[in-house]
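Visitor: Sequence:
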Amino acid sequence: MIVPLLFLVASSGVAHAAVDPCTLASASTWVSSKTAHACELNVPFNKTRSLSVVDSAIKALQYYSLENWFLHSPNPLIPHDVNVRALLEDVQTTTSTKGYATDWDFNTAVADAFDREADGHTVFSALCTEAFSWNLPFSIATLAESPFDKTAFPTFLVNFDFPNQGRAGLETYFESIGVHVRPFDGARILTIDGVDASTYLVQLATESSIYKGLVGAYETVNPRYMRLMSRYSADTVAGLYTQEVGRFGQRAFYPGADSVTVTLQTKTGGHQTITIPWAATFIGSGNTTASFIAETCLPPADSDSAARKRRLERRADITPSPMNARRKGVVAPEAQGPVRQAASAASVAPPANIVQPNLTSFGHFVTLDIYQLAEHPKVGVVYFEQFEPSDGTDANSYFNGISDTLFTGLNALKAAGVEKIIVDNSGNRGGFIFAGAIALWSLWPQDLFPGFPAVFRDSDLIRRESDAAAASGLGESEYSYFFYRDLNYVLLENNTQFMDPPVPQIVNGVKDAFSKQFFDDFGDNSTTVTNFTTPPFAGSDYVFVANSICASTCSIFSSYLFQKHGVRSAVFGGTPTATTSQFDGGVKGSEVTDFDSILGELELAGLQDDPAAPQPFPVEISLTMNFRNAIPYIDKQDDILEYVFEPDTKKYQFTFDQFNKPQKIWEFVAEEFFGSH
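Residue numbers (mature numbering (1 follows the signal peptide of the UniProt record, and there is no 0)): -17 to -1, 1 to 660.
None of these hints come from the bench; they were simulated from the model.
Built from N, CA and C at the ideal position, the CB exists for glycine as well.
Treat the hints loosely; a few may be bogus.
[Said to hold, decoys possible] Cut-off 27 Å, straight-line C-alpha distance, at most; resulting in silico cross-link-like pairs (DSSO-like, lysine-lysine):
1) Lys499 x Lys42
2) Lys30 x Lys42
3) Lys361 x Lys644
4) Lys133 x Lys30
[Said to hold, decoys possible] Quick list of the computed label-pair ranges, beta carbon to beta carbon:
5) Asn379 x Ile160: 49 to 57 Å
6) Phe390 x Ala273: 52 to 60 Å
7) Tyr472 x Arg551: 52 to 60 Å
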């Protein structure tokens, strides 16, 4: 009987091996990470396409405003020591010589070069490497007994029931393979893969490596760490609050291993070690390797470039005037689009949604909520979930809605006896630059300009783009001087005030060039965006609630309030022993651009075939880069806002009772900063 059994096992192995890996990976809603990654690795390396990709990526660097700034940081609190150009040139050399084992290996090498910049805006991802969502059945929160404790501890959280996170069938899948995690909910995590849990997580956050499934790192370790953690947030599509899974338990790229081993201190005081596999769900298209390549990795056959098609569609929607509906400072969401859509479709309302505040609302509009606290009725809350709609609201409607909601909401709070305001920016990814400006001018309508001066990077090609924009006068290009104002907030009259000639600089020993400093044109004064004529509250009346994750437009908004008006901050979380965190520690770049927009600008200038111009990628790729640098009002010795470290006023730990209940956080901060009312 033994021989036939061995023969049967061997035969099954042969039959199994003959099945296309991408057919296996796409056949079920949930599969093992090993099965999913086998599909990714089955896409062969293509030297010709890969050389085209890396050549265009290198040529696109001239638009990356932080390239030379990040060669070396002058501020040890915000470390950067990366030569992205050299890294990409190394990839180019390998591509042209020995090549890469698979397409996945090539794409990951390019992504790694950009990822090391860690400015949040600058991210490269090929759809071939982002076609699965990788999930664990548990998340982690770093929690303490008291908000005042010096140290907090990683805690195991079963994440099947997190409100507004979707992931249908995940628990059934893990149960089917014998992984039962609910008994361990709330246990302290002692080690991860044999390493002290806190040490492991800090190292994971510090590296934020694509080879561990993490991209788009933030500038300092505390916000990177918090992105790994489960935390409260809001689903702006569903209009409901949510508990984030966190990047430890959900990743958009292969996590670098097929399982995680954790040692737990159970509630009874004992220790238990368990190994938990990663699960993956396919969100791409195609059910064979060939169809996966054709439908996910490559542009559609009926178009020379899917990116070009997207550019043309977007341009058709743009009205002649306003750049304000196009300019963004935003970081990509942590989960891919299909994953977010599935979560929104599975909306969980109170009482099952324990994250949702139970407070009187004084205004809600898409990504903005205004409340009066129950235990501290003289304190109101303004919660900016982000500065960009996710529900299809058009830009102008969104701008008007933010302005109107702030005006009516803050006035209603004052009429109800509110004297102090908590501004919660926790987890805010940024959004429209103009939306942040509207919020700032609503709070301080008498200020000259609601934001920081900015600069574009300049090069011979970019200068010719700006000259073409000036000559056309059509206002389709971001390089049109008449969209900007000088530092006295007077409209620019010609390109010599803007980009031609450029301002030469030596940055970290390298010759570079930038535009003159400018302000965006947001109208003649604040009356164009708000009905407030005087500040509704004083600077001392505000306090930020933050978890360090505040990116791009959020950082500009928050940093401005700190630098110009002295707004204080209460920061929660961070690494287990962190004593100081930035309240706006995500990304401080002034604007992000994408590769499609770069190509669109070149087409507008008629320079798309210039030898220095990047060409459309031959595969489906998303590439975003920091496009403008912000110039600070304080600590000017380091030249750019990215290098200004802005510490919290008070630092607290999250507790088990508070970490996913914003209402309790707000009441606690009201007591800490404003006392009993």
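Visitor: Give a verdict on every hint.
Guide: Results of checking the hints against the structure:
| no. | hint | result |
| --- | --- | --- |
| 1 | Lys499 x Lys42 | 23 Å, holds |
| 2 | Lys30 x Lys42 | 18 Å, holds |
| 3 | Lys361 x Lys644 | 20 Å, holds |
| 4 | Lys133 x Lys30 | 53 Å, violated |
| 5 | Asn379 x Ile160: 49 to 57 Å | 50 Å, holds |
| 6 | Phe390 x Ala273: 52 to 60 Å | 57 Å, holds |
| 7 | Tyr472 x Arg551: 52 to 60 Å | 28 Å, violated |
Hint compliance for this structure: hints 4, 7 are broken, all remaining hints hold.
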